[in-house]
Amino acid sequence: MTDWYYEDKGQQRGPIPESDLALMFANRLLPLETRVWTVKFGNEWRLLDRATAGVGRRP
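Using our numbering, the letters of the sequence shown correspond one by one to residues 832 to 890.
Hints in this document: simulated from the structure, not taken from any laboratory. All of these numbers come straight from a predicted model, not from anything done at the bench. Just to be clear, a hint being listed does not mean it is correct.
Computed list of lysine to aspartate or glutamate pairs in EDC-like fashion (alpha-carbon distance at most 16 Å, straight line) [what the hints assert, rightly or not]: (1) Lys840 <-> Glu864; (2) Lys871 <-> Asp839; (3) Lys871 <-> Glu849.
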């Protein structure tokens, strides 16, 4: 299971499991502009809309 972190109002949140991030994303609780990070990104935080391949898609 991969842990994810996300930025909320300038604060780092997490770790949360990928399944929780996918659920938050699917339910539109996170804007597409949210910055997210997981270990496979190295030192780079990415925008949620560019990181969704590993998380799922919005309906």
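Q) Given the hint that Lys871 pairs with Glu849, does the C-alpha gap stay at or below 16 Å? A) Given that 16 Å is the threshold and the Cα spacing comes to 13 Å, the pair holds.
Q) Are Lys840 and Glu864 close enough, with their CA atoms no more than 16 Å apart? A) The given pair, whose Cα atoms are some 11 Å apart, holds under the 16 Å limit.
Q) Within a Cα-Cα threshold of 16 Å, do Lys871 and Asp839 meet the stated pairing? A) This hinted pair is violated, its Cα atoms lying about 21 Å apart.
Hint 2 from the list above is the single one not met by this structure.
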